[in-house]
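Put together the whole structure using the sequences plus the hints.
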Amino acid sequence: MSNYQTHITDVLIIGAGLAGERAAIEASSHGLDSIILSLVPPRRSHSTAAQGGMQASLANCAMGKGDSTDIHFADTVKGSDWGCEQDVARLFCETVPIAVRQMAYWGVPWSRVVAGKKTLPNGQEIEDTKDKEGLITGRNFGGTAKWRTCYTADGTGHTMQYTIDSIVISLGITVHDRMEAISLIHDGEKCLGAVARCLRTGKLNVYIAKATVIATGGYGRLYDASTNAIICEGTGMALALDTGQVPLGNMEAVQFHPTGMVPVWILITEGARGDGGYLLDKNQHRFMPDYEPVKKDLASRDVVSRRMIEHFRKGFGVDSPYGPHMWLDIRHLGAKHIDTNLREIANICRNFAGIDPIKDLIPVRPTQHYSMGGVRINSEGFAYGLKGLFAVGEASCWDLHGFNRLGGNSLAETVVMGMIVGKKIAEYALGATLEYTSDVVEDAAKQQQERIDGLISGRHGREDVFQVRREMEETLMDYVGIFRTGPALQTAVDKLQVLHERAQHLGLRSSGVGANPEVTAALRLPGMIRLALCISYGALQRTESRGSHAREDFPKRDDANWLKRTLAYWPEGAVLPELKYEPVTITELPPGDRGYGESSASSKK
Amino acid sequence: MSNRTLTFSVFRYNPATPEIKPCMQSYQLKEAGGMTMFVALTKIREEQDPSLMFDFVCRASICGSCAMLINGKPRLACKTLTRDYGTKITLMPLPVFKLIGDLSVDTGTWFRRLSVKTRAWVHTKKEFDPTVLEERMDNATALEIYEPERCIECGCCIAGCATANIREDFLGAAGLNRVARFMVDPRDERSEQEYFEIVGSDEGVFGCYGLMACEDNCPTKLPLQYQLAFVRRKMAVAGLKR
Ligand SMILES: Cc1cc2nc3c(=O)[nH]c(=O)nc-3n(C[C@H](O)[C@H](O)[C@H](O)COP(=O)(O)OP(=O)(O)OC[C@H]3O[C@@H](n4cnc5c(N)ncnc54)[C@H](O)[C@@H]3O)c2cc1C
Ligand code: SF4
Ligand code: SF4
Ligand code: FES
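These protein sequences, in sequence, are chains P and F. This note's numbering puts the first residue of the first sequence at 1322, with every later residue one more than the last. This note's numbering puts the first residue of the second sequence at 304, with every later residue one more than the last.
Check each hint, because a few of them may be wrong.
[What the hints assert, rightly or not] Which chain P residues stay away from chain F? Per the calculated CB distances, all over 10 Å, these:
1) 1384
2) 1652
3) 1761
4) 1770
5) 1775
6) 1778
7) 1808
8) 1809
9) 1904
10) 1914
[Unchecked claim] In silico lysine-lysine, DSS-like type, Cα no more than 27 Å apart, as pairs:
11) 346/F to 1816/P
12) 429/F to 1745/P
13) 1744/P to 391/F
14) 1744/P to 428/F
15) 401/F to 1524/P
Hints were generated in silico from the structure; no laboratory data involved. Cβ atoms here follow ideal geometry from the backbone N, Cα and C, with glycine treated the same way.
Given below as structure tokens:
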């Protein structure tokens, strides 16, 4: 019996962040009908939270002079520690300038070049020239040779998302918000759409489409401490994995940022340390110079994060109900500087921790920040393993970022992919026909209804969803964090396997009626634990250090054995992912020295 | 660190079970240092009542999801600290918006309708040309557009507005602010008369009493008084020309 509503469309896009909406615009401009699903209204997607900016080699501002797509390419490949696909990086770098200008055409109020002489905080004199006045300007970001991060004041993600969404609205594209995809419908060869649960009513909906696109963002919330929005739970990646056909790429590549604020893990930008702030331990001792005499508190993100963890382990962390942390001290910068140049940070401290950074220390800890891995697709966006399935944005592994993403490259990636992959999706959908048997659809819906009924009846057990979930978050945080070792990763895999088994026996404490949040959490959890296992098991097998993946027992990059990408599959009924590997595409820049980081010749003192 | 025990009195109603009438339910919680309403409500859901419905996304006052009435005032729950309140805290859903359940309301549908009504996108006859440089813009103009653009569509200004509470079709401060954003944008080629069609009525600028509850309630601290006056002035002139 079919107790669900059915929707039929050309292109089903799961996710209304920047990547999903940009792809929908492309489909729509090819005359296709599309439906976008989202957990939340599009403008509340996590993309809105990005503040810094998006990289594009426009070479307009003084410190961006001489920039080119070649330099952007080289920065991206080095940043990735040679883990990225170089043909993809090339295509990306060539397309970003067009993407950023199109965003300007659609309405993003990019900050512009103002001509004149300026003095930088380090005393350097620069001059923005008259011929560039009024063009899109750029700011400085880590790991880039030029200033090329385009921004709108302190709200780049916000203005980009609002602008893209305004175009989606103007085109009349259908958006079903508060509608969560909970499984993909497929016949083993072709993806036919998705089963979704309405987060307003709890009812099931079935979407049938020629092309299905996963645009669901990252999985930050698998970790106990993440800068990500709380809806970033990797559910879209889990949907793909659960088909048994589609692999996830490089799930062990997880980016951490050194300064998430305790206990809400909101990002405190690098600017605080850039302007002269530094880290203190529980004895209020400035410890970074002990580890990094040259770069001190301003070593690269991964390096600072590693040193902080090392110092925790020696017992120098400050204890709190939320776990150990360090202090970030900016008091010496003075009230005037803090209330002008660091106003955003100051407000975040006041609003979210009730502390005033002019007088108080800021509690910080390395915090999960970005998911480099995701649904493995080819350079045109087609998912491996199932026809008619695509992925874009942070949920995908295109693979532009390899083992470390550069700041500013992911906002850029969302709109560039929306453009490039969006076009491929449209071409595919225009040539495809809607063929499916109702049995496949009916079965898929029935299976999900049974999952929900099972939870409500408690017939599989009484495990508590929040308890199991917390143990998963802590396991990843404690054993699959910044520093990794074989034994710790093995512990994580063992613990997660037990949790995965327990997650088959979840039972509700509440009634489960309507848009019940306990049901929502319980439906997501088993898939989340499978992702956690892909991360941990992939990290355990990768016996080298590359980018964000730092193995203490294998501290060097090992190009002879590991210049390859992990592909994690989850065959039906498996208790561990099945790992395969594929070569990394190197077209222009052979593996070499990054120029920074622990193993770089040039960063040694 | 605090030793207080807080008592939350929370509005409960689940439209899926209409036979159970709306009521207020109490929860007690030990306060922790730096506790926000986000931390508190999450703890209540996970430890005491997993059926409790509310909305948080960014938990950083960026996404506009979590507005509710806290002791009667529309506030973003994620940036509200428990320590700024006494030990009794009352939480109600925002008025005006459709109730989804408990503290969760449907601001998304309301704001999408607002965008459609005000045609809130850049209207231009120009085509995008990928082969040429971007059109130049004064940085001051970019910042002027960014100012009203900062609205996070949280609904606090609407919930606290007397007109919006009695007139379903009133655009509210957020709507008029949205129109102001496009009025100052040189890329938008709409004429004053076209804007008048959208906001030159009691649904728009002429429905506003100018008492400014909206500006006081805006968590983003948008200069709503200034933006409303700007639109009103423009529309008064446009009205005279008709
Ligand atoms: C604090 C912070 C600051 C950042 N700053 C920058 C920066 O300055 N520059 C930069 O380049 N990058 C930055 N990033 C990274 C960047 O913001 C993200 O990588 C990017 O915005 C992701 O966009 P997306 O479209 O892929 O996904 P998202 O914006 O996360 O959107 C995901 C969408 O999928 C929907 N969804 C998820 N699961 C489901 C489901 N099962 N069913 C239906 N819908 C679903 C959600 O509702 C949402 O609409 C930052 C990240 C963080 C955490
Ligand atoms: S000033 Fe106008 S928009 Fe603002 S609260 Fe009063 S009536 Fe509403
Ligand atoms: S104007 Fe302010 S209060 Fe109103 S919706 Fe926007 S941000 Fe919220
Ligand atoms: S949760 Fe995003 S504004 Fe409160």
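Which of the listed hints are broken here? Failing hint: just 13.
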